[in-house]
Amino acid sequence: MLPELGHFALILAMLLAALQAFFGIAGPALGRDRWTAAVTPAVAGQFVMVATAVACLIASFVANDFSVTYIAENSNSALPLFYRVAAMWGAHEGSLLLWIFLLGCWTVAVAIGVSKLPARFAARVLGVLGVVSFGFLLFTLATSNPFLRLDPPAPDGRDLNPILQDFALAIHPPILYTGYVGFAVAFAFACAAMLEGRMDQMWARWTRPWTTSAWAFLSVGIALGSWWAYYELGWGGYWFWDPVENASFMPWLVGTALIHSLAVTDKRGLFKSWTLLLAVLAFSLSLLGTFLVRSGVLVSVHSFAADPTRGIFILAFLIVMIGGALTLYAWRAPLLKSQAGFDLGARESFLLFNNILLVIGAATVFGGTMAPLIADALGLGTLSVGTPYFNPTFMLSMLPLLALLSLGVHAKWKRGQLSAARRILLTTLVIAAIAGVIIVFGVYSHGKVLSPVAATLGVWIILSSLVDPVDRLRRKLSLPRSVIGMSVAHIGLGLFVLSVTTVESFTLERDVALGQGERTSVGNYEFRFEGVKSIEGPNYNGVEGKVTVTRHGVPTSVVYPQKRQYWVQRQVTTEAAIEMHHGSNVFVALGDELGAGKWSVRFQIRPLVNFLWLGAFIMAVGGAIAATDRRYRVAREAVTTVPVATPGVAGGASHATPGQFREECPGPTLSGRMPAQEEAG
Amino acid sequence: MTPRRKRLVLVLGIIAGVSIAGALALSAFRQSVTFFFDPTQVTAGEVPAGERFRLGGMVTKGSVQRAPGSLEVRFVVTDFKHDIPVSYTGVLPDLFREGQGVVAHGRMSGATFVADEVLAKHDEKYMPPEVAKSLKKRQGETAAPGGA
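Quick mapping for you: the protein sequence lines, in order, are chains A and B. Going by numbering that gives the first Met the number 0, the letters in the first sequence line up with residues 0 to 680, in that order. Going by numbering that gives the first Met the number 0, the letters in the second sequence line up with residues 0 to 147, in that order.
Don't read these hints as lab results, they were simulated from the structure. Some hints here could point you the wrong way.
Below, a list of computed lysine-lysine pairs in the DSS-like style, where the Cα atoms sit at most 27 angstroms apart [stated by the list, open to error]:
id, chain 1, residue 1, chain 2, residue 2
1, B, Lys5, B, Lys60
2, B, Lys5, A, Lys266
3, B, Lys5, A, Lys336
4, A, Lys532, A, Lys545
5, A, Lys475, A, Lys545
6, A, Lys413, A, Lys336
7, B, Lys136, B, Lys60
8, B, Lys5, A, Lys411
9, A, Lys447, A, Lys266
10, A, Lys413, A, Lys475
11, B, Lys132, B, Lys80
12, B, Lys5, A, Lys413
Remember, predicted model here, so these are calculated numbers, not experimental data.
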């Protein structure tokens with residue numbers, strides 16, 4: 000019964016999504032206020048239906064209902080309860096449902112958040128989100144229904160892929176998807192602005208907290224995935240430039256550009272059409288990421304042939320969403336002229352460079368990720384693009400970005416004078432350079448050409464990010480959350496850069512064949528292999544090695560790396576033993592039995608590698624702090640309390656004149672129309 | 000500088016930067032791309048001499064051998080038409096198994112493929128997509144004459 004109930008709820012959700020889209024877009028366009036008012040109930044109804052469907056699927060997973068195909072393929076009665084719940088998003092069908100559910104959560108949050116904004120604008124935002132949701136629901140129901148029954152039912156399930164049976168990876172998809180889906184909100188705000196044909200600084204202020212939150216979630220999601228790859232895949236790497244990873248990284252890069260460009264639109268009313276384009280682009284890349292990763296299209300175009308309906312639907316959906324938004328953009332963006340100017344050394348210029356460099360970075364990743372696909376489609380052979388391409392090309396755009404960051408943070412809006420900040424910038428740079436040289440040549444004693452440069456930049460970013468908050472505190476000035484958030488996020492980036500530098504420059508690695516009682520040394524560490532014993536878990540058995548670690552001759556610890564074989568899929572997984580000593584991660588992974596009583600063992604010393612994920616997490620925390628700044632709440636409330644206010648009054652008078660697009664909103668401006676509708680509703 | 004000239008300088012600077020980045024990316028791209036070949040293509044001599052490439056196919060059952068206690072492992076990769084012996088020194092990935100698909104990076108040394116990396120990234124069907132495609136193609140070649 001439960002699967003049918005879920006299936007039915009999903010169909011109802013699709014119909015409600017269609018209504019939400021129709022009312023949200025047609026209502027304001029035709030000026031029918033009662034249609035416009037019907038959007039919010041549709042949002043609520045759709046969310047209840049989607050939540051019901053998710054609950055039904057999870058309940059069926061928990062109840063081990065192997066008469067459902069999706070559950071029979073991705074779960075097993077021996078699977079622990081936590082992973083049976085997480086198995087819901089373990090494969091394509093369920094992750095789509097998760098996507099839709101998270102979109103529902105965001106939509107409800109947006110519906111609450113925009114309730115104080117002009118009703119037409121709010122309806123349009125929700126309408127666009129309805130279109131996205133409808134597309135996903137249709138796709139799920141037509142090609143990837145998780146509720147389909149299996150006849151006859153399977154006696155037991157084929158189990159969740161063992162490498163997915165892990166805490167970090169269980170929570171990785173929901174967080175990553177929250178980020179992906181969050182860009183749908185920025186996209187919806189952008190489309191709504193284009194449908195209105197007007198966009199002001201208030202718009203940017205409404206959009207910023209949503210975009211920043213989505214970006215923060217995406218940052219945590221990517222970091223979790225990278226951390227998982229490091230400790231679970233058994234090779235001790237943290238980033239492989241794999242298509243799946245790139246698919247999540249590209250929207251992050253463009254999203255980062257977007258939050259910076261939004262800052263300019265908010266403060267100065269500039270970069271308007273560019274901001275819109277980035278919002279469309281970030282969400283398009285999120286869509287590409289979601290679809291192409293789980294459906295395998297990114298790996299080879301031949302996946303299209305394997306399941307043509309799915310592939311063609313994906314293409315059609317991408318074309319409708321991205322093509323539609325870009326058409327709207329081409330039609331409306333030329334109307335959104337920015338009028339103010341700025342000097343070359345002003346903060347606007349630095350943010351412009353930030354945007355250009357981030358987009359170039361995203362483009363190089365895009366090129367490398369898509370090249371195999373294009374070559375394959377054109378019959379140029381099956382090629383692969385790896386680290387030798389990605390590392391240097393990506394660094395090419397990132398090094399100038401990092402070098403300009405500290406300058407940009409201290410530059411003034413509009414005027415290109417750095418003189419006030421020159422001394423402090425120079426001081427921090429000198430300290431950073433000394434620290435960088437000490438780190439590279441003092442602590443680790445060797446390195447590559449760029450190591451001291453990158454280390455210096457990392458330290459400089461951290462130091463210069465501290466200048467403004469410390470200065471404000473000392474002078475007892477107000478310290479708004481947006482300033483704290485920005486500094487925290489930049490400090491996180493600095494830590495990240497420092498960590499990547501030390502890891503890339505100073506990692507030591509050795510694969511060795513060891514018998515019981517044999518020793519090997521890597522760097523300052525010596526390892527003694529004490530042999531293996533067999534172990535048994537809830538749904539696997541395996542072997543556990545014992546390795547004694549000594550540093551400079553002093554025993555530091557005993558570690559137990561494992562090799563597991565899961566019963567159902569007969570798959571082997573490596574559970575590396577990882578410990579942090581003096582800032583470095585000591586990584587020990589058990590390989591294969593080599594005969595003659597020997598085992599292959601991989602040893603790795605990665606200096607400061609934990610700062611990599613910590614840095615990403617701190618960036619996200621910075622985003623979360625910035626997203627809760629008072630200005631954004633004030634911006635929302637200002638609309639209702641001062642009904643006929645000119646939007647953007649708080650930000651200065653240099654933005655586009657209101658009431659520009661007469662064909663779209665005749666008569667009074669939007670904010671002027673608002674109060675009447677508020678009373679009616 | 001007038002605003003117009005400033006903008007001109009800015010735009011030219013951006014264009015120059017983008018084209019330099021593009022040129023460098025392209026050259027890095029050309030150096031780092033590796034092509035995929037299956038055993039039949041390798042036997043037919045389609046791989047340019049000395050080039051690093053990816054070899055893919057199935058690991059022949061019973062072909063995995065190692066000298067006891069040594070990190071070096073030898074196995075045979077097949078597309079059921081031709082076989083290529085492979086030698087690799089290091090820790091094999093978890094997903095490596097006899098009778099399943101594999102992709103290895105490396106170079107030919109005589110008749111042996113010396114791998115420096117054995118890939119473990121498979122889809123949920125334990126088959127690298129390139130290998131699936133190559134096997135399908137080779138199978139088609141067998142089926143076509145048989146059917147005629």
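Here's how the hints hold up against the structure:
Only pairs whose Cα atoms come within 27 angstroms are accepted, and Lys5(B) paired with Lys60(B) is rejected, the gap being roughly 69 angstroms. About 22 angstroms separates the Cα atoms of Lys5(B) and Lys266(A), which keeps this hinted pair within 27 angstroms; it holds. In summary, the hint linking Lys5(B) to Lys336(A) is supported, as the alpha carbons are separated by about 19 angstroms, within the 27 angstroms threshold. Between Lys532(A) and Lys545(A) the alpha-carbon distance is near 8 angstroms, which keeps this suggested pair within the 27 angstroms criterion.
Between Lys475(A) and Lys545(A), the direct Cα distance comes to roughly 56 angstroms. Violation of the 27 angstroms bound is thereby established for this hinted pair. The hinted pair formed by Lys413(A) and Lys336(A) meets the criterion: a straight-line CA distance of about 17 angstroms does not exceed 27 angstroms. Pair hint Lys136(B) plus Lys60(B) holds up; C-alpha atoms about 21 angstroms apart against a cutoff of 27 angstroms. Taking the CA atoms of Lys5(B) and Lys411(A), the gap is about 18 angstroms. The hint holds against a cut of 27 angstroms.
The straight-line distance between the Cα atoms of Lys447(A) and Lys266(A) is roughly 41 angstroms, outside the 27 angstroms bound, and the hint therefore fails. Using a Cα cut-off of 27 angstroms, the hinted pair Lys413(A) and Lys475(A) holds, with the two alpha carbons roughly 25 angstroms apart. For the given pair, Lys132(B) sits about 14 angstroms from Lys80(B) by alpha-carbon distance, which is consistent with the 27 angstroms threshold. For the proposed pair Lys5(B) and Lys413(A), the alpha carbon gap of about 14 angstroms is at most 27 angstroms, so the pair holds.
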